[in-house]
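S.K.: Each chain, letter by letter, is given below.
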Amino acid sequence: MLLFQCRIQGDTNMETALQIKNVSKSFGRKKVVDNISFDVRAGEVFGFLGPNGAGKTTTIKMVMGFLTMDEGNVTINGYDRHKNYEKAMGCLGGIVENPEMYKDISGRVNLEMYARLHEGVTRERIDEVVALVGMQERINDKVKKYSLGMKQRIGLAQALLHRPKVLILDEPTNGLDPAGIHELRDILKNLAHEENVAVMVSSHLLSEMQMMCDRVGIINKGKLIDVKTIEELTSLASGEIIYRIQTNQAQKAAELLKTSYPDKIKAMSEDSFDIEINKDAVPGVISILAANSIEVFGVARLETSLEDAFLQITGGGLTIE
Amino acid sequence: MHFFKSQGEGLQLNKIIALYKNELIKISKKISIIIFMVILVLSCFGIGAVIKFIEMQSAQFTSISSDPSQNQFFRDDLTTQKQSQEAAIADFDKQIASLPDTPENQMAILSLQDQKAGAQDQIDMMQIEIDKEIYVGYQTNFLTQALQDFTNLKSEIRSLKSTPAESQDALWQKTLDEKNQLLTDYQKIFDSKDFKAYVDIMESSIKTDDSLDADTKKTRTEYYSLWYQLDPSGGMNDVTMSNQAQSIAQSVGDMRRSIQDKVDYTNYSQSMSLMSPVQISDMENRLAVTEYQIMHGNVAVNNGLDMNASSSSAIFGFGLFIIALMMLVLAGGAVSQEISSGSIKSLIIAPVKRWKIFTAKVMSLLTVGFIALIVLFLFGILSQGLFFGFSSTPYVYASHGIASAIPNLLYQFLSLLVSYIDIIIYMAFALMLSVLTRNTAVAVGLSIATYFGGSIVMTFMMYLPSYEWLKFIPFANLNLSGRFFPFSAMMQSITMSYSSMPFGNRFSLPSLSFSLVYLAIFLFCMTYAAMDSFNRRDLK
Numbered sequence: 002m003l004l005f006q007c008r009i010q011g012d013t014n015m016e017t018a019l020q021i022k023n024v025s026k027s028f029g030r031k032k033v034v035d036n037i038s039f040d041v042r043a044g045e046v047f048g049f050l051g052p053n054g055a056g057k058t059t060t061i062k063m064v065m066g067f068l069t070m071d072e073g074n075v076t077i078n079g080y081d082r083h084k085n086y087e088k089a090m091g092c093l094g095g096i097v098e099n100p101e102m103y104k105d106i107s108g109r110v111n112l113e114m115y116a117r118l119h120e121g122v123t124r125e126r127i128d129e130v131v132a133l134v135g136m137q138e139r140i141n142d143k144v145k146k147y148s149l150g151m152k153q154r155i156g157l158a159q160a161l162l163h164r165p166k167v168l169i170l171d172e173p174t175n176g177l178d179p180a181g182i183h184e185l186r187d188i189l190k191n192l193a194h195e196e197n198v199a200v201m202v203s204s205h206l207l208s209e210m211q212m213m214c215d216r217v218g219i220i221n222k223g224k225l226i227d228v229k230t231i232e233e234l235t236s237l238a239s240g241e242i243i244y245r246i247q248t249n250q251a252q253k254a255a256e257l258l259k260t261s262y263p264d265k266i267k268a269m270s271e272d273s274f275d276i277e278i279n280k281d282a283v284p285g286v287i288s289i290l291a292a293n294s295i296e297v298f299g300v301a302r303l304e305t306s307l308e309d310a311f312l313q314i315t316g317g318g319l320t321i322e
Numbered sequence: 021m022h023f024f025k026s027q028g029e030g031l032q033l034n035k036i037i038a039l040y041k042n043e044l045i046k047i048s049k050k051i052s053i054i055i056f057m058v059i060l061v062l063s064c065f066g067i068g069a070v071i072k073f074i075e076m077q078s079a080q081f082t083s084i085s086s087d088p089s090q091n092q093f094f095r096d097d098l099t100t101q102k103q104s105q106e107a108a109i110a111d112f113d114k115q116i117a118s119l120p121d122t123p124e125n126q127m128a129i130l131s132l133q134d135q136k137a138g139a140q141d142q143i144d145m146m147q148i149e150i151d152k153e154i155y156v157g158y159q160t161n162f163l164t165q166a167l168q169d170f171t172n173l174k175s176e177i178r179s180l181k182s183t184p185a186e187s188q189d190a191l192w193q194k195t196l197d198e199k200n201q202l203l204t205d206y207q208k209i210f211d212s213k214d215f216k217a218y219v220d221i222m223e224s225s226i227k228t229d230d231s232l233d234a235d236t237k238k239t240r241t242e243y244y245s246l247w248y249q250l251d252p253s254g255g256m257n258d259v260t261m262s263n264q265a266q267s268i269a270q271s272v273g274d275m276r277r278s279i280q281d282k283v284d285y286t287n288y289s290q291s292m293s294l295m296s297p298v299q300i301s302d303m304e305n306r307l308a309v310t311e312y313q314i315m316h317g318n319v320a321v322n323n324g325l326d327m328n329a330s331s332s333s334a335i336f337g338f339g340l341f342i343i344a345l346m347m348l349v350l351a352g353g354a355v356s357q358e359i360s361s362g363s364i365k366s367l368i369i370a371p372v373k374r375w376k377i378f379t380a381k382v383m384s385l386l387t388v389g390f391i392a393l394i395v396l397f398l399f400g401i402l403s404q405g406l407f408f409g410f411s412s413t414p415y416v417y418a419s420h421g422i423a424s425a426i427p428n429l430l431y432q433f434l435s436l437l438v439s440y441i442d443i444i445i446y447m448a449f450a451l452m453l454s455v456l457t458r459n460t461a462v463a464v465g466l467s468i469a470t471y472f473g474g475s476i477v478m479t480f481m482m483y484l485p486s487y488e489w490l491k492f493i494p495f496a497n498l499n500l501s502g503r504f505f506p507f508s509a510m511m512q513s514i515t516m517s518y519s520s521m522p523f524g525n526r527f528s529l530p531s532l533s534f535s536l537v538y539l540a541i542f543l544f545c546m547t548y549a550a551m552d553s554f555n556r557r558d559l560k
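Order-wise, the sequence lines are chains A and B. Count the first sequence with the working numbering and you get residues 2 to 322, in order. Count the second sequence with the working numbering and you get residues 21 to 560, in order.
Rather than coming from a laboratory, the hints here were simulated on the basis of the structure. Keep in mind that a hint or two might mislead.
[Unchecked claim] The list that follows gives simulated cross-link-like pairs (lysine-lysine, DSSO-like), each with its CA atoms no further than 30 Å apart:
hint, chain 1, residue 1, chain 2, residue 2
1, A, K84, B, K41
2, B, K373, A, K143
3, A, K145, B, K282
4, A, K222, B, K560
5, B, K41, A, K146
6, A, K84, B, K136
7, B, K282, B, K238
8, B, K238, A, K224
9, B, K174, A, K152
10, B, K46, A, K143
11, B, K174, B, K136
12, B, K72, A, K32
13, A, K104, B, K560
14, A, K143, B, K41
15, B, K282, A, K104
16, B, K373, A, K104
17, A, K22, B, K174
18, A, K224, A, K22
19, A, K152, B, K282
20, B, K238, A, K152
21, A, K22, B, K373
22, A, K104, B, K72
23, B, K373, A, K145
24, B, K560, A, K31
25, A, K104, B, K216
26, A, K145, B, K50
27, B, K238, A, K145
28, B, K72, B, K174
29, B, K282, A, K143
30, A, K152, B, K237
31, B, K174, A, K146
32, A, K146, B, K181
33, A, K280, A, K229
34, B, K238, A, K146
35, A, K224, A, K267
36, B, K174, A, K145
37, A, K146, B, K282
38, A, K104, B, K174
39, B, K136, A, K152
40, B, K41, A, K152
Same shape as in the complex, but just chain A (with noise of 0.2 Å):
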């Protein structure tokens, strides 16, 4: 079943299906998005991830038209974003910061109202997508009753209605329960990998995005740093990683291991230490430890270096706003 396949055929070269080519913005004088370009590919979840006001936002609304580009240009499907807007923007679907309705209206008829401005949406399209988010019995309810939840989803439902070629999510997960994060996230992974659609989610935090993204952009101060798949991320972080060892002597340990890993003990406790090496030193380490008769009761591997790789990209400081 092609749900999502977009109605206006476009560039029959699927593989980008939104481009973002040397696009720039500045508020005053303070350049927000500097020469940014990526592409996101039809049938992947794209995480543009960065820290607080970084730029994610910005970027989301030119692409979504609510801000003007002082340089660059926008490719959605294929269509050029200033030439050919409205074919562009048919394409094109999402959620910017929360999404916001009509509260005095239903849910049902804020979704027609918005049916009404794209071509060959249905009633019964409508009935699909709200079943889809689990909006059945509340739809009929004005929006001013719901929940953040679920606003969330009826605006899910919305970017949704008219087939999106390209779906793009300004952090998602905000106001969900984690069980709502899990729906979406296996809805997003199955649009993209199953409908082919280009789904782009922006966040910051990385653990989410490592759960449902295929490929992350990582953007900070305005620059897009670098593009890279979730694998490459990850490996980055592959060389020491910090195991945790319990032991009854930890301070005999510690000393010990110190001749053979020098520097390399990370903290002490009294029936734990931490030490930093790679995968492959961990036998040697408890071998020594077995052989001076000190009793090893468990190594834990303690977490991925995955925000240390991040940190490592973006410079190591984070910029606040």
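Add chain B to chain A, keeping to what the hints say.
M.R.: Same frame as chain A, now just chain B:
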């Protein structure tokens, strides 16, 4: 690369219509609009009821009641006055008797006798008042006028008779005979109470009066025949109507004379001055309208105290005020409210260009205002019909001295439509503020303040000398309804205050065509500024 065919104009229209439908849905769900509409409908009936109440109150004063207790009061009052006059006569007799009949006292005695005769005339008049139930001091109709004329005539005859015998020639005799004849004619009228007979007497006496020139004779004859035509009871039924009939008859005569002499006789408050060709043509149009209305019998109903006319101006005036407020609230929030609530997002993400969104908003505002106008028209007419009966008095207008009429309902509707132009101007202002400031409170507050301020500014301008630059003030070009239909207030002003005409020359308003061009440019500029800003500005 692929070449994409443009889908052309049809698609653009489809998108605008879709946006327009959405805007109408949004507006219809607004509680403020529902409240305004309810107020609009209620005010139609409320104002109708209030005016009906006022009419019932004032009817007690205008209609002549044959209340016996009231007449008894008049009679008692007259009897008291008569007694005091009789006492005065006795006093005069005493004074005359006390004076020795010497040549030195001759003059004093003659004067006293004259005063005594005057007092006797008053007593006679009061006696007639009591006998014939004509109460001069309390009522106004042709009989009270005749009785006053009658009393004056008696003193004229007395002074004629005191003319020395040597100058009593044939002319003297003829005048005396005529006056005596008139005296008996008046007495007959007091019995018959026939207004037609009174008019005939007046007309024949004007005809025989050699001291008047031909023009004056014509004017005065026309005056009486018009009065009779407009008010055949001569004020016996309704004093107000009679007064109006008299002032209309008077104004028609004045206008005819003014046009003939090219001198304005109608404006009593100003010194008589030569009229310009424009003023003459205005006067001719006014005369034509008045004559048309007299000919079609519309004057007696279409006058200043006609409750049907007053109620329609009050109901529609208040209704337009409500509509203006409603439209300013709507237009002032049209863009800024969507931005502040964030709901504009779903419009911006949609595949429609911003100018289409703006156009759809303007169209929907105009539509809602028009619907409100229709509601006002229907309920206003209904309320008028319920309380005062459905008026069939047409609106009469004239150009080049030739009068024509349009039916009342059509006139009311056109008048509302023209008033709507004013509201559209203010609405464009509110919409522009809404887009530029993105602040609903500022846009609504400022535009409503301007709406109220406009009439105040106009009032001030009326007292200014007519500087040329004044016509570039927007307010001077508004209030189009009264200028499209200048004759609607005319009959009212003739009867209410004869001296102030709607074509006053204190402050000369710009010509209607100037105003229309000015307003069109003004409207275009405001709308363009708003649309341009809406199209270009970032939505952060």
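S.K.: Each of the hints needs a verdict: does it hold here or not?
M.R.: Comparing the hints with the structure gives:
The straight-line distance between the Cα atoms of K84/A and K41/B is roughly 27 Å, inside the 30 Å bound, and the hint therefore holds. Simply put, K373/B and K143/A have alpha-carbon atoms about 28 Å apart, close enough for the 30 Å limit, and the pair holds. Between K145/A and K282/B, the direct Cα distance comes to roughly 72 Å. Violation of the 30 Å bound is thereby established for this hinted pair. For the hint linking K222/A to K560/B, the alpha-carbon distance of about 18 Å falls within 30 Å, and the restraint holds.
Of the pairs offered as hints, the one joining K41/B and K146/A holds, with about 24 Å between alpha carbons and a cut-off of 30 Å not exceeded. Using a Cα cut-off of 30 Å, the hinted pair K84/A and K136/B is violated, with the two alpha carbons roughly 107 Å apart. Straight-line distance between C-alpha atoms of K282/B and K238/B comes to about 18 Å, which keeps the hinted pair within the 30 Å bound. For the proposed pair K238/B and K224/A, the alpha carbon gap of about 98 Å is over 30 Å, so the pair is violated.
This hinted pair does not check out: K174/B and K152/A have alpha carbons roughly 98 Å apart, beyond 30 Å. With a C-alpha separation of about 13 Å, the suggested pair K46/B and K143/A falls inside the 30 Å cut-off, and the hint holds. For the hint pairing K174/B with K136/B, the CA-to-CA distance comes to about 13 Å; that is within 30 Å, so the pair holds. Proposed proximity of K72/B and K32/A is contradicted: the alpha carbons are some 70 Å apart, above 30 Å.
Straight-line distance between C-alpha atoms of K104/A and K560/B comes to about 21 Å, which keeps the hinted pair within the 30 Å bound. For the hint linking K143/A to K41/B, the alpha-carbon distance of about 19 Å falls within 30 Å, and the restraint holds. Proximity of K282/B to K104/A is assessed by CA-CA distance (about 68 Å); at most 30 Å being required, the pair is judged violated. Restraint check for K373/B and K104/A: satisfied, since their Cα atoms lie roughly 24 Å apart, inside the 30 Å limit.
In summary, the hint linking K22/A to K174/B is not supported, as the alpha carbons are separated by about 111 Å, beyond the 30 Å threshold. Of the pairs offered as hints, the one joining K224/A and K22/A holds, with about 13 Å between alpha carbons and a cut-off of 30 Å not exceeded. Straight-line distance between C-alpha atoms of K152/A and K282/B comes to about 78 Å, which puts the hinted pair past the 30 Å bound. Our distance criterion of 30 Å between C-alpha atoms is broken by K238/B and K152/A, whose separation comes to about 86 Å.
This hinted pair checks out: K22/A and K373/B have alpha carbons roughly 22 Å apart, not beyond 30 Å. Taking the CA atoms of K104/A and K72/B, the gap is about 44 Å. The hint is violated against a cut of 30 Å. For the suggested pair K373/B and K145/A, the alpha carbons sit about 28 Å apart, so the restraint of at most 30 Å is met. Between K560/B and K31/A, the direct Cα distance comes to roughly 15 Å. Compliance with the 30 Å bound is thereby established for this hinted pair.
Distance check on the hinted pair: K104/A and K216/B sit about 74 Å apart at the alpha-carbon level, beyond 30 Å; violated. Between K145/A and K50/B, the direct Cα distance comes to roughly 13 Å. Compliance with the 30 Å bound is thereby established for this hinted pair. Annotation: proposed proximity of K238/B to K145/A is violated, straight-line Cα distance about 79 Å (limit 30 Å). Note on K72/B and K174/B: the hinted pairing is violated, with a Cα-Cα distance of about 46 Å set against a maximum of 30 Å.
Pair hint K282/B plus K143/A does not hold up; C-alpha atoms about 72 Å apart against a cutoff of 30 Å. Simply put, K152/A and K237/B have alpha-carbon atoms about 88 Å apart, too far for the 30 Å limit, and the pair is violated. With a C-alpha separation of about 92 Å, the suggested pairing of K174/B with K146/A is violated against the 30 Å cut-off. The suggested pairing of K146/A with K181/B is violated, with an alpha-carbon distance near 102 Å, which exceeds 30 Å.
Proximity of K280/A to K229/A is assessed by CA-CA distance (about 24 Å); at most 30 Å being required, the pair is judged to hold. The hinted pair formed by K238/B and K146/A fails the criterion: a straight-line CA distance of about 82 Å is larger than 30 Å. With a C-alpha separation of about 34 Å, the suggested pair K224/A and K267/A falls outside the 30 Å cut-off, and the hint is violated. Proposed proximity of K174/B and K145/A is contradicted: the alpha carbons are some 90 Å apart, above 30 Å.
For the suggested pair K146/A and K282/B, the alpha carbons sit about 75 Å apart, so the restraint of at most 30 Å is broken. Between K104/A and K174/B, the direct Cα distance comes to roughly 88 Å. Violation of the 30 Å bound is thereby established for this hinted pair. Distance hint between K136/B and K152/A is unfulfilled; the C-alpha atoms sit about 102 Å from each other, more than 30 Å. Between the alpha carbons of K41/B and K152/A the distance comes to roughly 23 Å, so the proposed pair stays at or under 30 Å and holds.
Violation of the numbered hints given earlier is confined to hints 3, 6, 8, 9, 12, 15, 17, 19, 20, 22, 25, 27, 28, 29, 30, 31, 32, 34, 35, 36, 37, 38, 39; the remaining hints are satisfied by the structure.
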